[in-house]
Structure formats: C-alpha cells, structure tokens
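K.L.:
Heads up: the protein sequence lines correspond to chains A, B and C, in order. Just add 1335 to wherever you are in the first sequence, counting from 1, and you've got my numbering. Just add 134 to wherever you are in the second sequence, counting from 1, and you've got my numbering. Just add 502 to wherever you are in the third sequence, counting from 1, and you've got my numbering.
Do not rely on the hints blindly, as some may be mistaken.
Stated by the list, open to error - Listed below are several chain B residues computed to face chain C (Cβ distance under 8 Å; list not exhaustive):
#, residue
1, A195
2, R198
3, V207
4, A208
What the hints assert, rightly or not - Restricting the straight-line Cα-Cα distance to at most 30 Å, the calculated cross-link-like pairs of lysine-lysine (DSSO-like) are:
#, chain 1, residue 1, chain 2, residue 2
5, B, K219, A, K1480
6, A, K1480, A, K1452
7, A, K1414, C, K534
Derived from the structure by calculation, the hints contain no laboratory data. Quick reminder that beta carbons are idealized off the backbone N, C-alpha and C, glycines included.
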Amino acid sequence: MDNTTPPDPVIELDHIRYAYPGEDPVLRDLSFTLNRGERTGLLAPNGSGKTTLFHVIVGLLPISGGTIRILGRNMESEKDFVWARKKAGLLFQDADDQLFSPTVIDDVAFGPLNMGKTREEALSVSRRVLSFLGLSEFENRITFKLSGGEKKLVSLATILSMEPEVLLLDEPLNGLDQATRTRLTGVLESIDASYIIISHDIDFLLDCTDTIYCLRDGKTEKDTTVHVHSHDHAHMMGHIPHQHK
Amino acid sequence: MLSEPFSIGNSVIHRIDPRHRILAAFLYSVVVAVLYQLQALALATAFSGLLVKTAGLDGKAVFRRLALVNGFVALFWLILPFTAKGDILFEAGPLTVYEAGVLMALQITLKSNAIIMAFISLVSTMSFSTLGYALRSLKLPHKLVFLFILTYRYIFVIEQEYRKIWRSVKVRGFSPATSIHCYKTYAYMIGMIFVRAAARADRVYRAMLCRGFNGRFHSLSDFPASGKNGLFLFIAIVCTVLLVSTEWYFHG
Amino acid sequence: MHISEGILTWPVLASGAAFAAAGTAVGLKKLKTEDIPKTAILSAAFFVASLIHVPIGPASAHLILNGIVGLLLGWAAFPAILVALFLQALFFQYGGITTLGVNTLLMALPAVLCYLVFHPLIIKKDGYTASAAGFAGGFLSVLFSGIILAAFLIFAHRAFTEVAYFIVSIHLPIMIIEGIITMFCIGFLKKVQPSLLGSVYGFDGSNPAITK
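With these hints in hand, go ahead and build the complete structure from the sequences.
P.N.:
So this is what it looks like as structure tokens:
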C-alpha cells in the first residue's frame, strides 16, 4: 500500500458493543478503521454478526458501548446517523428488501429525491448511475419482474445514486450466477469509493479487496488480517478453496 | 399471478392523463350505479362497450373477466325471479317466474357489467406505477398512497414465499382434505407467511431509512397538459348527462 | 366476501363509503409512517391469502382472514383492507369503485371489533381461553361480515332478503374453518413471534431505530 498519503479515516469503530435484547452480545469490544480509498473484505461464518455490524455502523441498531465516527463526525444521535446514511451506502443482502418502487428509475431516484435534489437532478444522477452499470435500458422496467442478478445490480444503483463516500456491501454475491458475479466484480474494480464487503467467498474478496479481516467472537481479528499480495497470509486461508491471481 | 393485460396499448384512452381517467371512471360509475330504467342502463352498457372498443382491448379477454366476476350476479338470477313477487311472467311446473324479479336481475346485470367495463377501459389500462402517481397527485393521503404502492410490490414477494412453503409442505406428503390436520397446516403456513413478511417489512424499512427516507414521498413524473384531456372530460360529462336524462325521460 | 357493482342503491353505497372513509381516516391517523411497510406487507399477505383455497368436503372456499388481519393490525386494518380490495378490483375486477366503501366496511369493521374484543384476551391469557378467543375472533369476524353484507342487501331492497339469507348460510362452514385457522394461527404466532400480536403500534421492540 501507498504509505506516503496520511490515513484519512472514513469509518472508525472504537470498542463497540452490541447485543440483541435478552441475548449474549454479538459484537464485543470491536474496533475497526476504514481509511479513504481502502477496499476491505470481511470474512466470517454465518451468525457471527456481520450484518449486525453493518446495521450498527449506519445506526439501525443502537450500540451499548463504544464510539462510532463517520468521516470524523461522532455518531451520537439519530440525527447524526441520518446524515451518515447519506455518506455510507448500505447494500442489503436481499434485493427484495431494497427495491420497493414500481419501476427501476423510481427506485434509483428515491435516495436522491430524499436528499432534497430536484426532480431533474435526481433523474440525471439516476440515469448516469444506470448507464455506468450498463442498465440504461432498464429504466422503465418493473422491479419485481427483474431476475435475481438484475435486482442486485439495480439495488447497487439505488445506493450509488446517492453518491456515497463509502459502500457497505452485505453478501453481494448471494444467489448470483457466474456472469453477474463477473459483472459485479468489474463494477467494483472501476468504482471510485472505499468499501467494505461481507462475503464468505474468498476468491471474490481476493479479487475485489486489498485487505481481508475475520470476524470472530464478536471482534475483528487484526492478527488474521490478510494482505492479498502477501503469500504467507494468503496461505493461512489455504484450507478454503481459492485461486491465486 | 397478477398480470396487467389491459395496461399495454396505445389507444386514445391510454394516452389520456390518468387523473382525468380516474375522475371520469368515478363519475361515470357513480351515475350508472344509480340508474334504474332499462333504457338508460342499456345506453350505459353501450357506452361502456364503446369504451372497451376505443381502448382497443381484446374483446375476448374482457369477456373472460366479465364471465368470472358475474358469479355474484348469477346468484341473483338464481333467486330473484322466483322470490320477488308481483306480476307473473310465466309458470313452469312448480316454479313461478315473476316479472319484477327478472327485471331486477336484468338491471343488476346491466349495471354491473357497464361499470366493470368502464373500469377496465379507463383504470385497468394504466400501469400500476402510473396509477400510483395519479393517486398521489389526486391529493389522496400520503400514507394511503405509500401503503398502496408498497402493498402492490410485496404481493409478489409474499406469493413467492407462499409457494416456497407450499412446496415444502407438499414434498412431505401433505394433501388438502377436510380435516383438522389440514386446517392446522394451513394455519401454520399462514402464520409462517406473516412471520416472514413481518421480518421482511422490518428490513424494507431499514433499507428505506438507509436511503434517506423521512416519511415524505417525492414524485418523478409529471403529466403534460393537453387539449385532449379537456375534450375527454367533456365527453365523459356529456355521456353522464345523457344517461341521467334518459333515466328522467323514461321515469316519466 | 364482497358485493359486486350494480346491486346496491345510492344511499347504501354512500353511507358505506362514508363509514369506510371514517374508519380509514382513524386507521391512517393511528398508523405511524414507520409502520407502513409492516401494514403493507400484511395487506399483501391478506391479498394473497384470499387466493388460497381450502377444501370443505367436496367443494373448496378461499380464505377471508379478516379476523387475523384485525388481530394483527387493529385500526390499521381499515386502510390495509381498503388497499387490498382496491387492488383486487384493479386486477380481478372483484368489487369495484362504487362498492369499494361498502366492501371495505363489511370486511374491516368486524376486523376492528374482533381486535377490540379478543386482542386483550389473546395476549393476556393462555391455553384454552386464548384458543377460544382466537376461534371466536375468526368465526365471528366472518359471521359479522356476512351480517353486514346481508343488511346492506336488505337495506338496498327488500326483494334481496332471500339472496342475503342464502349468502349468510353458505358462509356458515367458512366461518367454522376461519375460526379453526385463526385459532391455530394465533397459537402459532404466540409461540413463534409474540411481538407480532402486539398490534402494529408498539410493534416489535427489536428495532429501536424504528420504535424510537
């Protein structure tokens, strides 16, 4: 990595804790920093709190301890998070949760309109994003009639149209065929934003991210951090079938 | 499951401002609903038939719809002619057919079909998203329109979930019968649908929050003003006036 | 259960529409924006449930489920049922514009009454009492819908009396089935996710971002 630019933290989590009511904590004493330009993967087994972590970052779930800072701003109230959600675009695991408007363009323009853009501005940014994703001809398609892969790409468009500074992608490959995977990988490579991807597909993470963390026992384990280009570390993941590029 | 077979088309009617179409459909239906004279009802049925023709709809498809929804009306044909006593029309064996009953059943049939045909030609000819916008710009309560749009969207998701559950029940050898076991299975399937649906509702709302939703809905489309819209509304009003005058004339 | 276009007289249609509008207004007022997705999804489930046919002897009938909708949504059952019925009118031409009010009223009013009477019993009591309340909720909401439907028909015209009796009587077996299904369904929800029965207003403590 380039060590000459000073780190510019986008997301800082400091000793955060989260527990669902009446259950053992899912996240305990978790600390994590994402700097501008970083592309990070989060590898973890099912039920380890990955989705919870994302929902905590954008304030959908309130933490019981620790601090969250987004772009240097301390997250203290719902008002802070409302602001943060415009900066950090969260892609949900299931596209059917994300898409609710009748047509694709309505859905993509929903975020920009909420951010106070005029109809014309919202349409123009939405069209730009759709064309970037190669979805221009989808504008007036009915969302529920799209295929699984198309739904996922349109969901990504609904996030990108808000022009976020950081993307949080929750299992973006879930249920996608090989062609759509390749397309998504291509999109992520050409995108100009920092992002965190949750996935249990190590090949995908190796392709699309620079750093991979593991979430274990409610903490991200720094000692298992894998730098893609460091063969030593990559081999620590050797028991999971993967390819070296 | 749900198709919008009538929404595709490029007839004069498809091109009229959806708000004008909704208003016209409402006005026309209300007027037809209060007509009683057979002459007026026949005229209304003719108008509605003309609407279906103007909208360029597939006559067979419309007819199939009408056949399906006339079940309730058929019930009146089964009972009214024999029970609404008055002048006897004819007697067939033990059955006495009364004129008043037949007349009433006929009124109901004409009214019902005239209104449904008008509804199909004017309202079912718009796509759902257009309808959503139109209702919004007709100043319906914000929350109601939001509820309407979301309900439509999730009908498809729920239906898929129902199919999944139904498949899993079937592969384990369930076959419907009149038994407590069967009803219990249905109850559990429905309960499961509600549980999954509620969990999904939660996620949907979170996803909306993430995209800056603050309870207000903004609209993308705008309906261009056109002289045709005014003309359309004018014709609709003339037709309803004609219907009302026919009713008065024959009312005596 | 619904009344088709062209049957009722204008005073009946107008008063039905007025009462339905009032109920919907109350429902919307009580419905918080954050609860709309939940209400919409239950409204969609209500719509889909009405396409499910269950066997009754040699025949079959589709489910009505207004009792369950009432128990889960309370007053929000009014807008939820209104929306579902409008969609049915739109796609299947069941019911229609002029009868939307009466149909909403005849489905939603029993749903809300069922909520007011049986909801407290269902959450506070267990065992037989809760089961009985579930059965009664399902059974009575359909019965009451039938009675309102019959009353509308008879108000519209005395000659419809026999038709009205006939409709109520063919719904008797359906009432029993709705009672059984509502009873088991409520039992299921109590076990699996009791928060769903907390009515849409204080729904689910699990999402503070929403309940805050």
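K.L.:
State for each hint whether it applies.
P.N.:
Hints, verified against the model:
1. A195: Because about 12 Å separates A195 of chain B from the closest Cβ in chain C, which is outside the 8 Å limit, the hint is violated.
2. R198: 11 Å, violated
3. V207: With a closest approach of 6 Å, the V207 of chain B hint holds.
4. A208: Check failed: Cβ of A208 of chain B comes no nearer than 10 Å to chain C, outside 8 Å.
5. B:K219 to A:K1480: 54 Å, violated
6. A:K1480 to A:K1452: Roughly 28 Å separates the two Cα atoms, so the pair holds.
7. A:K1414 to C:K534: OK: K1414 of chain A and K534 of chain C at ~19 Å, within 30 Å.
Going down the numbered hints, you'll see the structure goes against 1, 2, 4, 5, while the others check out.
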